[in-house]
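Student: Next come the chains, spelled out residue by residue.
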Amino acid sequence: MTARDVEGGLLGPPGEFGQAPPPAADLLKAVGAMKPVRTRTRFGAFALVGLLGLVWPAVALDRLPLRRDLSALPAWWVVTAAALWGVAFGLSLAAALVPRRGDVLPAPGRASRLSGAAMAAVLLFVLVATAQAPGVSLRPEDLHWTLLRSCVHCASFVLEIAAVFLVVGLLALRRLVPMGGPRIGMALGAAGGAMGGLVLHFICPIADTSHVALAHVGGMGLAAAIGALLLSGAGRR
Amino acid sequence: MDAEAIEAADVMARYCRGEAAAFHRLYALLAPRILAYLKGLLGDQAAAEDTLQVTFLKVHEARATYVLGANPIPWMYTIAHRTCLDELRRRKRSRVRLTPDGTLHSEPAAHLTGVAADAHQDQTDRPDAAATAGALAALDRLPENQRQALLLTKVHGRSTAEAAMITGTTPGAIKQRAHRAYVTLRDMLGKAEPAKAEPS
Numbered sequence: 350m351t352a353r354d355v356e357g358g359l360l361g362p363p364g365e366f367g368q369a370p371p372p373a374a375d376l377l378k379a380v381g382a383m384k385p386v387r388t389r390t391r392f393g394a395f396a397l398v399g400l401l402g403l404v405w406p407a408v409a410l411d412r413l414p415l416r417r418d419l420s421a422l423p424a425w426w427v428v429t430a431a432a433l434w435g436v437a438f439g440l441s442l443a444a445a446l447v448p449r450r451g452d453v454l455p456a457p458g459r460a461s462r463l464s465g466a467a468m469a470a471v472l473l474f475v476l477v478a479t480a481q482a483p484g485v486s487l488r489p490e491d492l493h494w495t496l497l498r499s500c501v502h503c504a505s506f507v508l509e510i511a512a513v514f515l516v517v518g519l520l521a522l523r524r525l526v527p528m529g530g531p532r533i534g535m536a537l538g539a540a541g542g543a544m545g546g547l548v549l550h551f552i553c554p555i556a557d558t559s560h561v562a563l564a565h566v567g568g569m570g571l572a573a574a575i576g577a578l579l580l581s582g583a584g585r586r
Numbered sequence: 002m003d004a005e006a007i008e009a010a011d012v013m014a015r016y017c018r019g020e021a022a023a024f025h026r027l028y029a030l031l032a033p034r035i036l037a038y039l040k041g042l043l044g045d046q047a048a049a050e051d052t053l054q055v056t057f058l059k060v061h062e063a064r065a066t067y068v069l070g071a072n073p074i075p076w077m078y079t080i081a082h083r084t085c086l087d088e089l090r091r092r093k094r095s096r097v098r099l100t101p102d103g104t105l106h107s108e109p110a111a112h113l114t115g116v117a118a119d120a121h122q123d124q125t126d127r128p129d130a131a132a133t134a135g136a137l138a139a140l141d142r143l144p145e146n147q148r149q150a151l152l153l154t155k156v157h158g159r160s161t162a163e164a165a166m167i168t169g170t171t172p173g174a175i176k177q178r179a180h181r182a183y184v185t186l187r188d189m190l191g192k193a194e195p196a197k198a199e200p201s
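Residue numbers (my numbering), protein chains in the order written: chain A, 350 to 586; chain B, 2 to 201.
Please note: incorrect hints may appear among the correct ones.
What the hints assert, rightly or not - Where chain A lies over chain B, by a calculated footprint (3+ residues, C-beta under 8 Å): (1) 25 to 33; (2) 45 to 55; (3) 75 to 83.
Hints are computed from structural coordinates only; laboratory data are not their basis.
We put the beta carbon where it would ideally sit given N, CA and C, even for glycine.
Starting from the given sequences, assemble the full structure and let the hints guide the process.
Tutor: Below, the structure is given as structure tokens:
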């Protein structure tokens, strides 16, 4: 018994799908009463969620003081880390909301793959290349905080930023994701978390690797997990 | 996109512009194959026909979420898939379904392609009727996710990327499930063959 035999047993003559019953009365009634609709564009939800979600980070960056060691850190490192967080944000948000060319829906598999890769890249960068300015950068102990307390503080900030993306994203995806909601939710949460991480990159004075990895990247992971949970039932309409 | 997808996209665009004739064309174009898919998952002609109507009603309500120029076929399969899962979930909650006179339903059998089983009385045009019957029986015993992967990729001709989108998983998972389904089917049918050879 070969794969060809199995397939031969399953497949009927090509293109043969039988007859379907005529449309039901309530379906015909709905069609008879229909009006033209304005359809979605590929980048509409991305633009909407991106713009609305960016309001709070912009306000936070404007109102909160920048980290005290910013000028003492290597400029290339500041720019590279910011670019990495920014790319993680853009990639994750696009994966969650932009369908591939020729598709109607965003692909759940691509969303989870890209956002997972973005999280891994940011974590790797943080573990390998977190920069500190001796004497200027702070550790949790310098603020009389434990590592746990510093992590809770910063992860909460990341989640606050991510919450806006999750709420607006959920509204944008309300009728759009019949399948694969958790994967899309993961990417949406990761996008919000990456934006939180980007803001913290400029305002958080604690440059300790363990703090940045656990609180900033961990906050991103937590936001992704919350997004996955929130969208796990969103397709059941 | 292939010619069929281009036609479906064109018809869908006209449907969104409010042309009722375009809805009927879309229905004629896609209802048979979606019905066949639903029959393959539900194994029940009447439930599949009901689910087909609900699917098209959902498509009608969600037509504003369509992206102009995109291929609507995988999108409609996705809505059908979700509607089917809802139906299966509802079935699990209602353990036994009876007719109004209190007897059990006798479900009309159907071939995977959507053709009623009794429409194939003359099986001479088919390559191997016994293989078909064996494969169909074995298919019913496959785990649900393997059956979905096999139906979408091998019977309905969807690409692995499309099948992944329809079922909400990754293309790799679809390939793996389809392969496992093949292996399981081969095992089931391989064991069935010697038994058939024995005199009754």
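Student: Hints broken by the structure, by number, lowest first?
Tutor: none
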